[in-house]
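*Asks:* Given chain A, put chain B in place with the hints provided.
Protein chains: 2
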Amino acid sequence: MTTDTNWQEAARDRIRQAYDPELLRQAGHRLADLLAEHLQGVYRQRHDVLNWREPSENVEVAASILREAEAANPENANGSAMNSSLAAAAGGADPGRLARRFSELVRLALSRGLNLHDPRYIGHQVPASVPIAGLFDAVGAVTNQVMAVYEMGPWATAVERALVNRLGEQIGWRVGEFSGLVTHGGSLANLTGLLTARNVSLGDAWERGVGRTGPPPAIVVHSDAHYSVMRAAGVLGLGTENVLRVPLDSGRRMDPNRLEELLRSLRRENRPIVAVVACACATPIGAFDPLEQIAEVCRRYEVWLHVDAAHGGSACFSRRYRHLVAGLDRADSVVWDAHKMLFVPALCAFVLYRDKRHRFEAFRQDAPYLFDPSAPGIADYDSGLKTIECTKRAAAFGLWGLWSLFGPQLLADMVDVTFAMGRQFYEKLKAAPDFQPLHEPECNIVAFRHVPEALRDTSPESIGQFQLNLRRDLIQSGEFYIVPTKLDGVGALRVTIINPLTTPDHLDALLDALRAHGRRLVK
Amino acid sequence: MTTDTNWQEAARDRIRQAYDPELLRQAGHRLADLLAEHLQGVYRQRHDVLNWREPSENVEVAASILREAEAANPENANGSAMNSSLAAAAGGADPGRLARRFSELVRLALSRGLNLHDPRYIGHQVPASVPIAGLFDAVGAVTNQVMAVYEMGPWATAVERALVNRLGEQIGWRVGEFSGLVTHGGSLANLTGLLTARNVSLGDAWERGVGRTGPPPAIVVHSDAHYSVMRAAGVLGLGTENVLRVPLDSGRRMDPNRLEELLRSLRRENRPIVAVVACACATPIGAFDPLEQIAEVCRRYEVWLHVDAAHGGSACFSRRYRHLVAGLDRADSVVWDAHKMLFVPALCAFVLYRDKRHRFEAFRQDAPYLFDPSAPGIADYDSGLKTIECTKRAAAFGLWGLWSLFGPQLLADMVDVTFAMGRQFYEKLKAAPDFQPLHEPECNIVAFRHVPEALRDTSPESIGQFQLNLRRDLIQSGEFYIVPTKLDGVGALRVTIINPLTTPDHLDALLDALRAHGRRLVK
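The listed protein sequences derive, respectively, from chains A and B. The first sequence begins at 116 in this note's numbering and counts up by one. The second sequence begins at 116 in this note's numbering and counts up by one.
Derived by calculation from the structure, the hints in this document are not laboratory data. Small disclaimer: the values here were computed from a predicted structure and weren't measured. Treat each hint with caution, since some may be false.
The list treats identical chains as interchangeable, and a pair is accepted whether it falls inside one copy or across any two copies.
Unchecked claim - List time: in silico SDA-like cross-link candidates among lysine to any residue, alpha-carbon distance up to 20 Å:
| hint | residue 1 | residue 2 |
| --- | --- | --- |
| 1 | Lys545 | Ile578 |
| 2 | Lys638 | Arg571 |
| 3 | Lys601 | Ala494 |
| 4 | Lys601 | Ile493 |
| 5 | Lys471 | Gly442 |
| 6 | Lys543 | Gln123 |
| 7 | Lys638 | Ile578 |
| 8 | Lys601 | Phe550 |
| 9 | Lys601 | Leu500 |
| 10 | Lys638 | Pro575 |
| 11 | Lys638 | Ser592 |
Isolated chain A, as found in the complex:
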């Protein structure tokens, strides 16, 4: 038997301290109290929404702690004989001391982040996630459950599959006929869906590269499609120039007639069409495309329909808002982010294929040590064959936990409450003479401008610039968090009511806060 040398013993001692279950236990208890206490304070608006600090300052603090830790744990694994007790003395084997230090580090992190759970966080399409979903996620993080091949993450795979089945059913498909996967975010999900569309539509692009002869293939998209769709064209070798935008109707929805015109002209030019990308909903104002009509056009032209339902897919759970996604079941591929309107922590994005025959089209090869021909039936459960990630974290634990604790009713509730608040906010804006809603909201996304009387007669550009300055002033104050956008080139304010703890009172307070900050900027 080989025995360890002295340096190995010393190193193993230090490693055992780090892996000590007692440290995990003590740190875990501290974490539970810290998080509960923090969230309680955040719900009650005791903190700034955004802890604004200059990036360089935050980086320096994060870096200084790394330096301190290095100084406190000097290098001694250089082969010199250092015995275990010495090592223990140098490192400080005490789990209590380490757990206290853990608490300090967690407090620091909590004090410098963005408090999404503050009801005054009304910002990006990133939710105030249900906190306990993060604890389910932690089960995977602490035990490092991953996927790629089934045997590496049997339960992670099972949970993902069970949820893929339920989400597909919510869309209106039948289990056994469709397929799906979870990936790390909506951008990757769009990339994966469009990669599949490219490989199906262009035949041998995977092996030979994007066609080097003939007219360049086109992707036909909603004019307000998320920038990840444009990026996908760049990534996939199609070229962003070959992204063709379908004009919108007055509600910023894709116009099916204009879509048909565009497809017809592409056919005339003999240009291959990779896919049509519709939105449910598009990000700028949350407009839902008329999917039934778009699907009908795509069917006639035999074109792949990809629907980016990252935000709006969750309407499938709501009896009140389901109508917004009518026709989603006719899409060839659907992207649906659970880390948006299903309120789980980032990232947990679903890609769903209506026809399961397409599930292996994104990638067309294997690695011998991963995909075992001695167990061929298992390959259908090897997530690595379908996702851009090879090793993939157990990203669906949070959603599975939420559903298992509260049922799908909670998912419906969160959609219903936040979508209804979008409408309520719009009514408030309409009623206020110094605010301009820029559209009738279909969901919880509302774009608007604050135009105090002093600015009423200035140029659109200066009113637009005022919105951006106003927002920056507001968020850096820590009072609210909202986001900027541009509509037709002019700056605007935008909220996504994606914290179900936000109430109409908070929205009233937002208008007042904007007025107050506006007064300061105008004078």
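*Replies:* What follows is chain B alone, placed relative to chain A:
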């Protein structure tokens, strides 16, 4: 003021239960005990390493719990007036009851996963991560800290930046001159690095698509490069046919002379070269390429050098093994997975660019609501400009926490101990007449075959098939977890000693277990 209607009140009551800080606190305390107890048992080998069950059985269990939860929480948000007390009664507002149910669900997950922390887990390049790193990760998951723009995750951004700086320094670069980012896994990291290389090497591929005229661009790779490199060629529109493999030397390292020959012939044919992809190390046997010599060839031919150091980059922390990555500082892009040999939970992969001018080359556009021209200095801290993900989780919290608690010495220790064990395992294999090591290991990856006397005179194919059958038998028994591979087309066994709690005794036991299972299969 707008007031809530009855259905909204009922929904809000259910939502408040889910967001209850007291539920989080109780569930968190339970989780701390459950995880500590579970890991204690796993360290002591009280459980099977792999809880093997047929995929369909696991999926059915996961699905049945979703169905039960649906039945227990019937839909009632259909607009009928249901008051709060009724809702509370139906949902069961009691945080104690929900926390108990949470425990049951966690126990189920723990009982059906893969126990990577069992010292008999000696499998894929996915570590028995340091458990407390998962608790740091949970801070991000519960509070949903993300990035894309700095203001969404100021502390997440800072932590990532501080670590990028330190990892670059470990490679040998100077802070301020290089750039880097974290992404969700090595495959995405390779894709990102090669996307940058493609855009730099081919000029206008991003906008116009991969060149449609002239000889097809090539990617020149290590013959054992990870399958994600091949995939990147497929994804990026270059075509897997245009991946050209450099022959290996006797140690399965890229041969710099053969590399030079290949580059010379490509130049003669006028074929654009996207990048050379070297490995530190390649996955099959953990061979480290001679990076100095390869970098010199790339310099002479002015070709982008991408080094996949997903596994071996961590050798930078080790005085004993640093020599394996000599020359890494000359790469144009480096991939380095912290969720491999820095022992944090998946996923936390670094992409590092030697020259920071390349940091925005992967993508070349923006979204007006994300990247605020009113704060241009901030863009350098907006991760979304550099990563395929738009919204990105705070994936570096675990590594920052580990380093902050234990210093970089722990990172060096884990490399040192596991790499040394690779050598020890090799010595054991050499000393055993019924085992064949297939190479001298340079790190903690060892490929080998078990050839009992009865098989000694059979064909290589049948010996290869025996390894695969033997492995499946072994892992399904729950006694050990190791992986299969093929070398030159013939099946083999492969271990990665990526649990620093594995000792030489466990390796002896592995050989015995393989003998025992082998006897059963042979007879």
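*Asks:* None of the hints should be skipped; say for each whether it holds.
*Replies:* Structure-based check of each hint:
Proximity of Lys545 to Ile578 under the C-alpha cut-off of 20 Å is restricted to the intra-copy arrangement: shortest distance 18 Å within a copy versus 77 Å between copies. For a Cα distance limit of 20 Å, the shortest separation of Lys638 from Arg571 inside one copy, 14 Å, qualifies, whereas the shortest one across copies, 91 Å, does not. Taking the shortest alpha-carbon separations for Lys601 and Ala494, only the inter-copy value of 17 Å comes in at or below 20 Å, while the best intra-copy value is 46 Å. Taking CA atoms no more than 20 Å apart as the test, Lys601 paired with Ile493 passes between copies only; the shortest distance there is 18 Å, against 48 Å inside one copy.
Taking the shortest Cα distances, Lys471 and Gly442 sit within 20 Å of each other inside one copy (18 Å), while across copies they are farther apart (46 Å). With identical chains, the CA atoms of Lys543 and Gln123 are at most 20 Å apart between copies only, with a shortest distance of 18 Å across copies and 68 Å within one. Taking the shortest Cα distances, Lys638 and Ile578 sit within 20 Å of each other inside one copy (15 Å), while across copies they are farther apart (84 Å). Proximity of Lys601 to Phe550 under the C-alpha cut-off of 20 Å is restricted to the intra-copy arrangement: shortest distance 16 Å within a copy versus 67 Å between copies.
For the identical chains of this complex, Lys601 and Leu500 are inter-copy neighbours only, at 18 Å across copies versus 39 Å inside a copy, given an alpha-carbon limit of 20 Å. In this homomeric assembly, Lys638 and Pro575 come within 20 Å of each other (Cα to Cα) only inside a single copy, at 19 Å, whereas the closest approach across copies is 85 Å. Within a single copy, Lys638 and Ser592 get their C-alpha atoms as close as 18 Å, which meets the 20 Å cut-off; across copies the closest is 76 Å, which misses it.
Hint compliance for this structure: no hint is broken.
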